[in-house]
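Trainee: Below, each chain spelled out in residue letters.
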Amino acid sequence: MRSIVLYMHMHQPYRVKHYNIFEVGHDHDYWNDKDWHAGTNNERIFKKVAEKSYRPMLARLEKCIQLYEGFKFSLSITGTFLEQAEAWGPDIIETLKRLTASGRVEIIAETYYHSLAFFYDRAEFEAQIRQHQAKIRDLFGVETRVLRNTELSYNNELARWADDFGMKGILAEGWDKVLEWRSPNFVYRPEGCKNIKLLLKNYRLSDDIAFRFSDRNWKEWPLTVDKYIQWLETATLRGPLINLFMDFETFGENIWEDTGIFEFFEHLVYRWDRDSDNNFLTVSEACDSAEPKAEISMPWTVTWADTERDLTAWLGNSMQHEALKGIYDLKESVLKLNNPRLTEDWRRLQTSDHPYYMCTKYFSDGDVHAYFSPYDSPFDAFLYYMNTLRDMRGRIDELEAHQKAISHNLAHEQFYLETPSLKRKPEALAMIEEFREYESPSIGFAGLDEFDGDYEAWLEQRIDKKRQNDTEDITAETFFLVRKSDDRLIGAINIRLNLNERLKKYGGNISYSIRPTERGKGYNKINLYLGLQKCQEFGFKKVVLDVMKSNIASWKTIEALGGEQIGEFYHPDKHGTAKKYQIHIAKALSSSQDAKDIQS
Amino acid sequence: MKILMLGWELPPHNSGGLGVACLNLSKSLAKLGADIDFVVPYEAEHHFDYMRVLSATRIDPLFRYGGSAYDNKGLEEKRFRVAREDRLYSIRDLQRDYCQFVKQYLMDYKPDVIHAHDWLTYEAGILAKKLYGIPLIAHVHATEFDRGGANGGNPLIHQIEYEGLVWADKIIAVSQATKNILIERYKLPADKIDVAHNAFEMPDDEVDYRYDGSSYQYLENLKKQGYTIVSTVGRFTLQKGLYHLMRAAARAIMIHPKMIFMFAGDGEQREQLVKMSAELGISQNVIFTGFIRGKQLRDIYSISDIFVMSSVSEPFGLTALEAAHHGNALVITKQSGVGEILHSIVKYDFWDEDKLASALVNIAESPALGYTLRDGIRREYTRISWDDVARKCIQIYDEVRRHKRNRF
Chain D
1 MRSIVLYMHM HQPYRVKHYN IFEVGHDHDY WNDKDWHAGT NNERIFKKVA EKSYRPMLAR
61 LEKCIQLYEG FKFSLSITGT FLEQAEAWGP DIIETLKRLT ASGRVEIIAE TYYHSLAFFY
121 DRAEFEAQIR QHQAKIRDLF GVETRVLRNT ELSYNNELAR WADDFGMKGI LAEGWDKVLE
181 WRSPNFVYRP EGCKNIKLLL KNYRLSDDIA FRFSDRNWKE WPLTVDKYIQ WLETATLRGP
241 LINLFMDFET FGENIWEDTG IFEFFEHLVY RWDRDSDNNF LTVSEACDSA EPKAEISMPW
301 TVTWADTERD LTAWLGNSMQ HEALKGIYDL KESVLKLNNP RLTEDWRRLQ TSDHPYYMCT
361 KYFSDGDVHA YFSPYDSPFD AFLYYMNTLR DMRGRIDELE AHQKAISHNL AHEQFYLETP
421 SLKRKPEALA MIEEFREYES PSIGFAGLDE FDGDYEAWLE QRIDKKRQND TEDITAETFF
481 LVRKSDDRLI GAINIRLNLN ERLKKYGGNI SYSIRPTERG KGYNKINLYL GLQKCQEFGF
541 KKVVLDVMKS NIASWKTIEA LGGEQIGEFY HPDKHGTAKK YQIHIAKALS SSQDAKDIQS
Chain Z
1001 MKILMLGWEL PPHNSGGLGV ACLNLSKSLA KLGADIDFVV PYEAEHHFDY MRVLSATRID
1061 PLFRYGGSAY DNKGLEEKRF RVAREDRLYS IRDLQRDYCQ FVKQYLMDYK PDVIHAHDWL
1121 TYEAGILAKK LYGIPLIAHV HATEFDRGGA NGGNPLIHQI EYEGLVWADK IIAVSQATKN
1181 ILIERYKLPA DKIDVAHNAF EMPDDEVDYR YDGSSYQYLE NLKKQGYTIV STVGRFTLQK
1241 GLYHLMRAAA RAIMIHPKMI FMFAGDGEQR EQLVKMSAEL GISQNVIFTG FIRGKQLRDI
1301 YSISDIFVMS SVSEPFGLTA LEAAHHGNAL VITKQSGVGE ILHSIVKYDF WDEDKLASAL
1361 VNIAESPALG YTLRDGIRRE YTRISWDDVA RKCIQIYDEV RRHKRNRF
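Sequences listed follow chains D and Z, in order. Here the numbering used here is used: the first sequence runs in plain steps of one and ends on residue 600. Here the numbering used here is used: the second sequence runs in plain steps of one and ends on residue 1408.
So here's chain D without its partners, still in its complex pose (with noise of 0.2 Å):
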């Protein structure tokens, strides 16, 4: 039997926006370019491959699928691509759950974020290995078996972990200087490895299709199908197994369309699919089909990148080093802090993408042509991206300080929410009264400043917890924050057990604020901390807020507690843009630990 073993490798990075120095501090979105033509735009990037190669390829997959009963592949795709395809081409998601669903796609492993975070932090590479397997279940309902690392970078320890952890095979590039006389061809057994198997890529090829299928200047140009799978039978002579792994925007984008590059690759299908001597075999199956023909040893790291087939691209000079040295050292911090955004960007940088566009070894080959960057130049690429980890820790520093200043308040000045009552009367109206004088809206006192004065009347309403709205009645509890010292009215704050089509629409759960002249001492976060516990105690698991986006203070508070922001809409009664947020309240609770163990 002869075999094609498929495999293609979907995966777009967050590239970072053109971001100066004098946007640290001020912005903390590194990947939205707001220039819809810039090179860092990665929604147009996106949405433009996507044109030219992920839906017309991904078309004819399918077609090949429901018409050659033999055909088979497995694709790589990573999470930073998953993200982008469902902000802006979800029905790329669907066709991959169609063909996943088939049975004969097969989904393989790697890191989350198409990191180098083997090379840098065992930890946090496993940690970004089960983020991408969690996202693969979420999405496609399959498990991931088969590993590759970025780049298809490998080596012994690399394959050691995999056997540790579980895999069943793992993908590398059969190289000639490791493989010497032998082939690629066979399944193999990583050097020091009990149960996993290792597959190795047949580059020529692989390469006969992704690099030069279109060069003209090649003497096998024009390539067709006889003579290639003439080539693969021949090259099957030294083993069943023809592994060609590339890059899956080698359809369409890196090989243009009317190269008939397409019609290629369907006919290439059908023909092998005809003759019954050969078959397609997904990666794991490949990996099953024989035992280990030998060992095979990788000391140092070999890739599928370049003629040096090394990592020279991406930890070539020293600003790469730099820059990735400089993203690791934030793991403690950024992970302790446990904050949402803050993890995904610290993720997000250290995407392989990023050091590759500092790359300046072809300055030496002057083949700069063949390194493609979204940035003028290598240098161009690092200020970006330095700037971004200052701004980074700069967030750090900052929730850090949230962090502490809401352990000291609880601890030194001690506050609770207290459930309003007849003798807080005249302190509660005269908090109004100072909201009034500020022109400052009250907000989370349940419309207390709406009952003129009859405080009587706002809490009868109160007690009856039942608040008349436009059309349906909301069940909501409203607290007085208290200062302990003075015991002093500080601010309210209201929950609501249960939200109309309005309120889900605006407002969310909970709504709060501090009197005018208790501001700026960070009190909202202890009002919104307590406010979460109480939701706790009311079994709520997560809350949504809306702040207004000029209101920077308030929204930071939020962030500072794990909100994470799922929206941005115009609010009508407000008439400004506002911003939705949605806490996980476990989470915001615990990350505050030390708050949570002076309060108790």
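A hint or two may mislead.
[Said to hold, decoys possible] For lysine-lysine, the following BS3-like pairs were computed, each having C-alpha atoms within a straight-line distance of at most 27 Å: (1) D/K34 with Z/K1334; (2) D/K194 with D/K293; (3) D/K361 with Z/K1404; (4) D/K336 with D/K63; (5) D/K325 with D/K361; (6) D/K48 with D/K63; (7) Z/K1258 with D/K325; (8) Z/K1130 with Z/K1002; (9) D/K336 with D/K541.
Quick caveat, the hints were computed from the structure, so don't treat them as lab data. None of these values were measured; they are calculated from a predicted model.
Chain Z: place on chain D using the hints.
Mentor: What follows is chain Z alone, placed relative to chain D:
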């Protein structure tokens, strides 16, 4: 091959890069067998064994203080004193004498090619072409559009420049940027213009130069305290974009206070620049050296860590290569010709103060970035050679001579 070079200055009697470029080009051409007579508009002792220097007038080279190749105002009005004569000269007077001399020369000698450098000598070149049909190469080191900046330049110079370029059989531009200006502004056909970038050659008197750290002890001390020295060298004119540099300096210092900016040179914007540095509150961090040359200038290059070329329009920008030679990291505007042939530099648009400041802060703070830039540029600038430029010129000479033979 007999070449008549028409120039305006040669080192050490030069006011800028024009003289340096002319000298190095002639030297390399001579190596390839060219027989060169080089005309200058003044009288001075020049001892070059590879070419003859001919003086068109008997005036003293000191005239450059009033008649430099870069002055484009008061061609008739601005007069300067000349040794050995009572007469006061203007640039136009000098040019007339220069033409007269060339005319006289051509009565006795008939060179194969005339190679004229910048508008100052174009009239003499046209004359030779008109009288004897000798092929004319016009070498453009700068255009009046560069010198004039937004003011548009001097109409008379524009006219002379344009005529010279139209009469020329072939034009050599020192960068693609300059070629583009000639095509866009003078509507010259693109195939008439070849680009030959300048190169860097260590000056003869530089062989013995060693930086001894004595000139700027104050700066040495600051460097020991962790300061980064940023320098720029050139005439303080609109063309050089120095206001942008000053504002970017203020922004960079805001983030990274340990930075000193050296403005080496002089010019019409000097007072305004001094005032600006005070208004921006960074006078402490800005040093004006005045016009310097020789060892003093080299010491500036040596002590400086980063060299900025902030030009709004720079046909080439030889100072950048000099700075690279002395180990500077280069930050250069996209509007400077020298950037076309270098990779290991940070490029920015002359108006993009944010990016310039970003680059300065990052180079100051990141050893890796500084190292990669310095290490990379050191490999690059040495690869650019005047011999390559000379070979290109010889090709062009052959081409125009062939063309001439076909025509007559």
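Trainee: Give a verdict on every hint.
Mentor: Hint by hint, here is what the structure shows:
1. D/K34 with Z/K1334: Holds - the C-alpha atoms of Z/K1334 and D/K34 are around 23 Å apart, at most 27 Å.
2. D/K194 with D/K293: At roughly 14 Å apart (the allowed maximum being 27 Å), D/K293 and D/K194 satisfy the hint.
3. D/K361 with Z/K1404: The hint is violated at about 46 Å.
4. D/K336 with D/K63: 48 Å, violated
5. D/K325 with D/K361: 20 Å, holds
6. D/K48 with D/K63: 22 Å, holds
7. Z/K1258 with D/K325: Satisfied, since the Cα-Cα distance of roughly 24 Å is no more than 27 Å.
8. Z/K1130 with Z/K1002: With a Cα-Cα distance of about 19 Å, the restraint between Z/K1130 and Z/K1002 holds, given a limit of 27 Å.
9. D/K336 with D/K541: 21 Å, holds
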